[in-house]
Amino acid sequence: MKVVVDMNKCQDHGQCVFAAPDVFRFDDDGHLVHLPDADDTRREEVEEAADVCPLQAIRIGD
Amino acid sequence: MNAAAAVAATAAQPPVVVAGASMAGLRTAEQLRAAGWRGPVVLVGDEPHMPYNRPPLSKEALAGDASFGSLTFLPRASVADVRWRLGTRVVAADLDRRTVTLDDGGTLTYAGLVAATGMRPRRLPCPGPRRGRHTVRTVADARGLRAALARPGGRVVVIGAGFIGCEVAATALALGAAEVTAVDPLPLPMVGPLGELLAKALLDRHERRGVRFALGAQVTGFEGDDRVTGVVLADGTVLAADVVVESVGSVANTEWLDGNGLDLTDGVLTDEHLRVGGRPDVVAVGDIARFPNARYDEVARRVEHWSIPTDTAKHAARVLTAHLTGTGITVEPFAPLPTFWSDQHDFRLQSFGAPALGQDDVRVLDGDPGGDFLAGFHRGGRLVGVVSLGGRSTSAAAARHRAELLAQPALGAGSSGGPK
Ligand SMILES: Cc1cc2nc3c(=O)[nH]c(=O)nc-3n(C[C@H](O)[C@H](O)[C@H](O)COP(=O)(O)OP(=O)(O)OC[C@H]3O[C@@H](n4cnc5c(N)ncnc54)[C@H](O)[C@@H]3O)c2cc1C
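Here the protein sequences line up with chains A and B, keeping their order.
Using my numbering, you'd call the opening residue of the first sequence number 1 and step up by one each time.
Using my numbering, you'd call the opening residue of the second sequence number 1 and step up by one each time.
Only chain A is shown next, with the shape it has when bound in the complex (with noise of 0.2 Å):
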């Protein structure tokens, strides 16, 4: 599962590190770093994500 985070969007509220914290975190500079290839098994996961992203830049490609 491809996962695509519109980085222009993106302004590190961090929710997504709350739901998928096995796909998105934040580096040593507080900023957003992710899987762009998840396993399958974290699609629920990132489904939520990409739900409580306020800025909806979480999108999931197949």
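No lab work stands behind these hints: they were computed from the structure.
Hints may be right or wrong, so weigh each one.
[What the hints assert, rightly or not] Here are a few chain A residues that face chain B, going by a calculated C-beta distance under 7 Å:
1) 12
2) 14
3) 51
4) 56
5) 57
Remember, it's a predicted structure, so these values are computed and weren't measured experimentally.
For glycine and all other residues, C-beta sits at the position ideal for the given N, C-alpha and C.
Here the structure of chain A is known, so what remains is to put chain B with the ligand in place on it, guided by the hints.
Only chain B with the ligand this time, still in chain A's reference frame:
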């Protein structure tokens, strides 16, 4: 059973009807699918648009940094087969007969009903002209206000210094208003939900950036013939105004549920599983739901935060699906951790938990109120909420307390440990 027979069987099955096709409605449809409801779903919404994201309406989209079209939510693939009845209003419901009536004269019989009709802005009952007075709830509202604010050099009066009022005041200033004044009967902006310490810090920040305040002031009327030219205060002061924004709270859209013996005094009262009126086939979600939060106590409250449509949708959809499919409820009572943010000027407020419940014992946890800081709200000595005020790194500090808030045992009266 062949495919055609399966389709026919589905068509005969009554749908889950979702009244209100915005964020809470969409999320509930998605969560019904996630919970295993395979039957039909109909979303009825009176706005002509597909569900869209409202927070930017007082911020980025109002400022012109985001187009209104870009606010539309991208629905999950699982709801590709739901039926959208947009531009259609639900005007009545009969919960005994399981029907809702639509404004086009149609009637829908439901297997399950979801109340997701949200709020509308409260209006001031004061006399005076109507033109030039705006509210901000819908894309249509925000388009109108953006057009009005696009004329630079205007004098803007924002009535109500709550979340939306403060956000709009900041955005109006950024758009080049000559003068922005926020009026509120309370002595400080946002003091209700946030308490004095934060409210004072906010007032100071807004004033330093050029927003003026008329606090402890009641609006008694509007001046102008055809369009508003001034806002009249109780002490006789008139604030000259080219644009007026009324952000004085909201009213729940519950009229369509009248006549069913429900408690609709402030939104729709639900039980601990978001069920309405003791019925297993009716749930309420989003801004309209007045629910007890087992995390805190047994008092039912409405919570107008962006996190709540998603949280309520998930819980209500599981409960409703369990009833409709006869599998029984296996979830704990609803106990969300509320969270909200608010972007104003160049700073952000970020909250986790329920600061309103811990206003009697507020402690600075990090930083100091003159600059970026983090406040902890306590009830019975325990942390019930954290709110940060400052730049992005300050929000990250608030987020670090989230796990601690989640780990707190329930405070509810008579609760023994409470839900996880
Ligand atoms: C301008 C603005 C800025 C915000 N900013 C923030 C923020 O920064 N942070 C934050 O945490 N929260 C914010 N919020 C709050 C958040 O957006 C709301 O909590 C959320 O939108 C509620 O969603 P809802 O689906 O419950 O209600 P709504 O979005 O109000 O949806 C209800 C829908 O039902 C429709 N409807 C009403 N009556 C009927 C009827 N009889 N028949 C059919 N349809 C009907 C309405 O037209 C509407 O489309 C903001 C809200 C607004 C308005």
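Here's how the hints hold up against the structure:
1. A hinted interface residue such as residue 12(A) counts as satisfied when its beta carbon comes closer than 7 Å to some beta carbon of chain B; here the least separation is about 5 Å, so the hint holds.
2. Against a cut-off of 7 Å between C-beta atoms, the interface hint on residue 14(A) holds, since the closest Cβ of chain B lies about 5 Å away.
3. Below 7 Å, beta-carbon pairs count as interface contacts, and residue 51(A) has one with chain B at about 5 Å; its hint therefore holds.
4. A least Cβ separation of about 6 Å between residue 56(A) and chain B falls short of the 7 Å threshold, and the interface hint therefore holds.
5. This hint is violated: residue 57(A) has a C-beta 11 Å from the nearest C-beta of chain B, more than the 7 Å allowed.
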